[in-house]
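K.L.:
Sequence:
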Amino acid sequence: MPIQRSGPVPPFFEYVTSKALIPHYNGNTTTTITNLGIHEWVEIPRYQRGISWQMDNVEEFLSSPSILLGNVILAQFPHNDRFPNFPFNNYLILVDGLQRFSVGTMILAILHNKVFHANAPYHSSNSNHFTNLSARVFPLSPVYLHNDNEFSNHPRNAIAHQYRRLRAEVETYIENMLNQGNGLRLAQYIQQTFLNRQVAVDIYFNFSGPIEIMNTFLGINTIRVDLGPVDLLRALIIEQGASSGWTAVQIDDIENDFTGIFTTNDKPDSSLLPFVNVLLKTLNSNPNRIFPSWSSNLQLTEVDDFLDFVQTFKNPAQNSYFQEIRECGAIPYAILMSYYYINVVHNGASRPSFLNGGNSEDTELKALLIASYRVLLNGTIGRTRIYAEQIIEGTLIYPLDGIADQISRDFINITTQQQLDLQWLVSALNKVDKNKSKRVFNAMLLPMHGAAVTDFYAITFGRAAANFHVDHLIPQSLLNNAQGNEGETLRNFAPLPQSQNREAKATHCSSKLSPNGIYANYLAGGSHFVHPYGQWLVDNYSSFPNPSDLDRPELLEVNQQPDVGTERIQYIADILINRM
Numbered sequence: 001m002p003i004q005r006s007g008p009v010p011p012f013f014e015y016v017t018s019k020a021l022i023p024h025y026n027g028n029t030t031t032t033i034t035n036l037g038i039h040e041w042v043e044i045p046r047y048q049r050g051i052s053w054q055m056d057n058v059e060e061f062l063s064s065p066s067i068l069l070g071n072v073i074l075a076q077f078p079h080n081d082r083f084p085n086f087p088f089n090n091y092l093i094l095v096d097g098l099q100r101f102s103v104g105t106m107i108l109a110i111l112h113n114k115v116f117h118a119n120a121p122y123h124s125s126n127s128n129h130f131t132n133l134s135a136r137v138f139p140l141s142p143v144y145l146h147n148d149n150e151f152s153n154h155p156r157n158a159i160a161h162q163y164r165r166l167r168a169e170v171e172t173y174i175e176n177m178l179n180q181g182n183g184l185r186l187a188q189y190i191q192q193t194f195l196n197r198q199v200a201v202d203i204y205f206n207f208s209g210p211i212e213i214m215n216t217f218l219g220i221n222t223i224r225v226d227l228g229p230v231d232l233l234r235a236l237i238i239e240q241g242a243s244s245g246w247t248a249v250q251i252d253d254i255e256n257d258f259t260g261i262f263t264t265n266d267k268p269d270s271s272l273l274p275f276v277n278v279l280l281k282t283l284n285s286n287p288n289r290i291f292p293s294w295s296s297n298l299q300l301t302e303v304d305d306f307l308d309f310v311q312t313f314k315n316p317a318q319n320s321y322f323q324e325i326r327e328c329g330a331i332p333y334a335i336l337m338s339y340y341y342i343n344v345v346h347n348g349a350s351r352p353s354f355l356n357g358g359n360s361e362d363t364e365l366k367a368l369l370i371a372s373y374r375v376l377l378n379g380t381i382g383r384t385r386i387y388a389e390q391i392i393e394g395t396l397i398y399p400l401d402g403i404a405d406q407i408s409r410d411f412i413n414i415t416t417q418q419q420l421d422l423q424w425l426v427s428a429l430n431k432v433d434k435n436k437s438k439r440v441f442n443a444m445l446l447p448m449h450g451a452a453v454t455d456f457y458a459i460t461f462g463r464a465a466a467n468f469h470v471d472h473l474i475p476q477s478l479l480n481n482a483q484g485n486e487g488e489t490l491r492n493f494a495p496l497p498q499s500q501n502r503e504a505k506a507t508h509c510s511s512k513l514s515p516n517g518i519y520a521n522y523l524a525g526g527s528h529f530v531h532p533y534g535q536w537l538v539d540n541y542s543s544f545p546n547p548s549d550l551d552r553p554e555l556l557e558v559n560q561q562p563d564v565g566t567e568r569i570q571y572i573a574d575i576l577i578n579r580m
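Residues 1 to 580 (UniProt numbering) make up the sequence shown, in order.
A hint or two may mislead.
[Stated by the list, open to error] Each computed DSS-like pair below joins lysine-lysine, with the alpha-carbon atoms no more than 27 Å apart:
#1 Lys431 / Lys314
#2 Lys314 / Lys281
#3 Lys434 / Lys505
#4 Lys281 / Lys267
#5 Lys267 / Lys314
#6 Lys505 / Lys314
Hints are computed from structural coordinates only; laboratory data are not their basis.
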């Protein structure tokens, strides 16, 4: 007995053959399809990135033991002259179900050309295996052939190119099965899927528009495509551009540029997500703050300038303040981007010089960096996105150093120019993990309060030989049986050139800090920046009375004798207190 629910649960073949894509490539088939009684015309929304399934997904789909192949979500809208010469008043947006719809379409189109019709090359040898399926779908061939043609020639490259790629793989798979005498087994898989498996079709009505649909179902498409804020932002811009008369070529160019900038390896660039979420919030409340022409006729040049602005911020940093703000996290990065974007769009300012290695903004960048370091140590950096929102919305109109002061006052109770409480700083440093320690080591390089702001060089942490890494002074392999977790805190970390990493992992701390040890050799080598903490460690411990004490993990804990860990924290705090 078939699965039942309050809404329709048709067999899979009905889902694929009862809906036709609105013609973008060839409108000549419209009459033929309507004569078949097909009245459900479907548009693929912009937030659908494309056909993402691979051949293994198709094979998994065809062999699925599940009776129900998931939900399909559509939303009905009046077309309001959006599609010229469209014969019906309403159309459907395919919110969720694109992968299954496209795969079902290509399989039927391939079988049509290979097996179903009388002159097909495999008709005589294999058509008897597909009798049940052919009897149901062959009379509806104008529908799936039309859809196959529309997918293959879709104006969006993300759909057309990926569809043709997957279709070629599926066609090769089907031909190989037929050539190897496995037509019966192939037919069993395909007929089981199309005739005996069902989909739950949900059609929604009375949404105010496609944007409301996007906001409602954001993230619902979980079958190999994970929709998120980047997809929504792209779709909002493209939808508005289409309504403003952009050509198909212009839309395709913007869509491809957007995807290239906001994604990495087909996944959203995580460093941009807070900025994207800030933009989304304002687009829903006051879109003209982001694109001044939004409410009238969105200008292509505004979107081009926006994308170029974001790309410029993504380029490799040549200014240490900018680099460090970005390394503090995606939220400080979003605050910085929001401030300068609004400054350019609404105040007519030039793009900041630091994007090209300049230093005109170093004073204000230093203030924001100090505020970012403070909230990072305080553990409240995740609560600072509201400042980016207020900047974009226009409710926070201070200069950047004033915004930095506001952040510091709100979370630390002092401005960036005021000195931190030493006891608070020591307490915060005792909680610093390996990732945060990178920022601490660079904060130690900040100019002292009152010194020239241009005298700042931040070291880079990474895997290249010229970079630094965070070294466990007592190697991790010797911490396994230690009490407490101080071995994984700042008490046991130091910056060391990446080229020394392998040797340092297998070397005792007492040996590393000896007069001819790894750290002394690094300091004397001349090929890497000499970090003051590395220098202090060698100066302080190279002639330690009992060097073996440096290898004892328990001495990293507080109130020990000698109190090795506390000495290190106190030295770092004494450096930072006059800098951040």
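K.L.:
With reference to the structure, classify each hint as holding or not holding.
P.N.:
To see whether the hints hold, each was checked on the structure:
no.: 1; hint: Lys431 / Lys314; in the structure: 31 Å, violated
no.: 2; hint: Lys314 / Lys281; in the structure: 22 Å, holds
no.: 3; hint: Lys434 / Lys505; in the structure: 15 Å, holds
no.: 4; hint: Lys281 / Lys267; in the structure: 21 Å, holds
no.: 5; hint: Lys267 / Lys314; in the structure: 16 Å, holds
no.: 6; hint: Lys505 / Lys314; in the structure: 33 Å, violated
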